[in-house]
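Going left to right, the sequence shown walks through residues 38 to 948 as our numbering numbers them.
Treat each hint with caution, since some may be false.
Estimated spans, in silico, between C-beta atoms of each pair [unchecked claim]:
| id | residue 1 | residue 2 | range |
| --- | --- | --- | --- |
| 1 | Y111 | V760 | 23 to 31 Å |
| 2 | S400 | E177 | 43 to 51 Å |
| 3 | E407 | I531 | 29 to 37 Å |
| 4 | P803 | D622 | 33 to 41 Å |
The hints are simulated quantities; they were obtained by calculation from the structure and are not laboratory data.
All C-beta atoms, glycine included, are put in the ideal place defined by N, C-alpha and C.
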Amino acid sequence: MIPVHNTSNEYDTDQPHALSVEDCLHALNSKPEGLEFEEAEQRLRQVGPNKLPEPEQDGLLKKFFRHFHDTLIYVLLGAAAITALLGHWIDTGVILGVVVINAIIGFLQEGKADEALAGIRKMLSLHAQVLRGGDYQDMEAEFLVPGDIIRLRSGDKVPADVRLLETTNLRIEEAALTGESVPVTKQTAPVSRDASLGDRTSMAYSGSLVTSGRGVGLVTATGIRTELGRINVMIQDVEKLATPLTRQMARFGKYLSIVILCLAALMFAIGWFVHGTAMEELFFASIGFAVAAIPEGLPAILSITLAIGVQRMAARKAITRRLNAVETLGSVTVICSDKTGTLTRNEMTAKAVVTTAGTYSVSGTGYAPEGHVRTPDGENADIRHRQDLKRLVEIMAVCNDAAIYEEDGHWMLNGEPTEGALRVLARKADFQEKPYARLAELPFESENKFMATLARSPEDEVRLMIKGAPDRLLERCTRQMGSDGKLHPLDREIWEQAMDKLAAQGQRVLAAAWRNWPEKPRGIDLDDVEKDMIFAGLVGIVDPPRPEAIAAIKTCRQAGIRVKMITGDHAGTALAIGLEMGIGDGQNVVTGDELEAADDEKLQQLAVEHDIFARTSPEHKLRLVMALQSNQEVVAMTGDGVNDAPALKRADVGVAMGVKGTEATKEAAEIVLADDNFASIEHAVEEGRTIYDNLRKAILFILPTNGAEGLVMLIAIVAGFAVLPLTPVQILWVNMVTAVTLAVSLAFEPSEPGLMSRPPRRPGAPILSGYYIWRIGFVSLLIGCATLAVFHVEMSLDMDVDVVRTVCVNTLVAGQLFYLFNSRYLRESAWHPKRLLGNSAALAAAGALVLFQLVFVYTPFMNVWFGSAPLELRHWLVPVGIGMLVFTLAEMEKAIRRYFLSRTGPFEEPS
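Starting from the given sequences, assemble the full structure and let the hints guide the process.
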């Protein structure tokens, strides 16, 4: 927890949204005239500045040395210490060099440090209009204190949590905090103590944006005590779980280290008690065995493979900030998605128009005026011949303060989203509103829930037009306009049925009404719109789902991944959007109140059984993610608002929207979608599964090398060989240079067929199944026995020890090289020419390996460092022949396996 100035003090207020204006002023010991300068300074000293504290950051050295915290690395460091004590300085230097190189690779590939808190701090307002000493002052927002009176105007970012004292047409956009796409109309009356954040209309919260109107408010909380600050603390307190791969590799390293140390001790005992080998030789031999058995190149291969995966995902619009997230995304079993801006476009769109002629449909989505208004018969509507539609569109366009414009190929909105949708509707209907002259207006008031405009048409007719809440307009109307343009008595029942139908589809419904103005134009008031209005019709508005997201959700279901929608929006809207997108059953939705009342056991049940959650707070989202994780689910959480940040950080993979997402959300996430497209998540999951397969292939390839080397050293000690077949530095050459060069090429393997038809692998399932462990043992035995045979034969010919060891190294390397092509296919045969030559990276790696071995054998400085020696041509024939034999026997083993599985059942990939 970050320390603050007195987190609890006399200026804290409990649920100010439920207090009256007078009670709130009294609780904060303030008054409508604001605080005096001396009082404000005293409070500032007590509560601290209105900003979020800087988090403590690890230094570069600490981040670097964190990469030495690994069980296998500790064994290598112990080996380096023993070789130093024995005076084998070259061996010491090479071993330490391997350890340092691994750390450098991990350090360089590590994503940027977690900057979620910095992202949230950017949301804070820089300046505020504050009433101090009886006059308004323009000052930096960090000097605000509880009890201050501030002024809010259109375009302002709210600088602190504020209890509203006065409002005039005040509307505030809180999507980043609540997930609601429509600005909230604010008022001064207290609301229920249990009201959710999105329903606290008497409050304005730090970091939200004033879209229209003005207001005056009382500062109730600053800095870390604001809702934004509370989320800041939640992000700090969230525990980030280790990824499945991290857990598996840590478990593998621990068990392997124990086995290696036990076998090394056993070798030492046999050499000492059975063969009477000198102490120094035994230490050297035991170190050789430990170095042989440890896959030193594995951390580097993992980092490089993940880094290559990062580049491939970036090409598919998914930018990865932390390497391990690449693999984790491939094992995801549940995707929890925010609605607004993630599954939907966050661009309000008119979808239906209802007049007495019936329901017109509207095509096109977003603010681009591309689409048509279609008649109830499905034909493009011509407003020149449809007076009912023309009058309705006229009212919605003229009684409107929004504007749409094109910028860099994208259509943008200046104004409120709902009015933007109506402006686009007018363009789609080919209505031209420019000739209309606005003569007077009655602004939107939350008490009235409508806006009125007196305007002169191109035909020089003056009309009073209003748009707003249908119930408020219906009670002011006595007539309605027919499809023929004639007036008829109002039939309230048909309009109420139409309203219910649109609302059931998750649409926000607005109504329009009008009357002619026979008088001389003048200012208008509420009395002018109280009665005798003519009802024109209804418009249904939605935040439309992304079509590509609907297809992506279907693909995720086929891949065994459940998609859950967690939103701050209303239950009805969430249910309708979920039904359209294929999420949930269209009937059941869990609200924030139900989540609040649920204990942990009940919450886990709700999280597992339901797919749509509405009116949720940041705490609810976080608890849902934790409940799913406690049920052994691997969870990806997507979102774009700061209210999503704590849950994104806790999730196994946090996925943020790159275009419309807040900085706080991007910094809390491991993956950022460059195109804000839910479909990119599906592509990223596919890429993650491919990367996991390729990692498994790399591990399946590299471990037989260590197994073969360990077997060679183990038998040499137990059998009492006078000379070791390999030295520790030669083993490191094979493990770090040749094995890594070949294994990295497997990172470029394409996706396996049917990849997205497989269910996710089980959380906690081993990265290698029993069959693959058998494969590793089988190939280890082949290469190890071949190397021992070569050593025995060559030594019996009284050849120079350095030459014999060089031939042994080449035998190991040739076995690796030919086994690489076996490893490219987990089950299928590699005999086909397309399969042998299908990966250009593998061919390039093979060519590079040949060059490395020529340098190892024939350059004098390598002969000195690694104890190698130049070879004659005949010395190369044996390793190549053994490599071909390894390839053939490994393919035969796969063929036998396929034969028996074809008789007993389908081949099962390890989970």
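Original post:
Is it true that the C-beta distance of P803 to D622 lies inside 33 to 41 Å, as the hint says?
Top reply: holds (36 Å)
Original post:
Are Y111 and V760 spaced within 23 to 31 Å by their CB atoms?
Top reply: With Cβ atoms ~30 Å apart, the hint holds.
**OP:** With 29 to 37 Å as the target window, see if E407 and I531 comply at their CB atoms.
**Re:** holds (32 Å)
Subject >> Range hint 43 to 51 Å (beta carbons of S400 and E177) holds or violated >> reply: holds (49 Å)
In the structure shown, no violation is registered for any of the earlier numbered hints.
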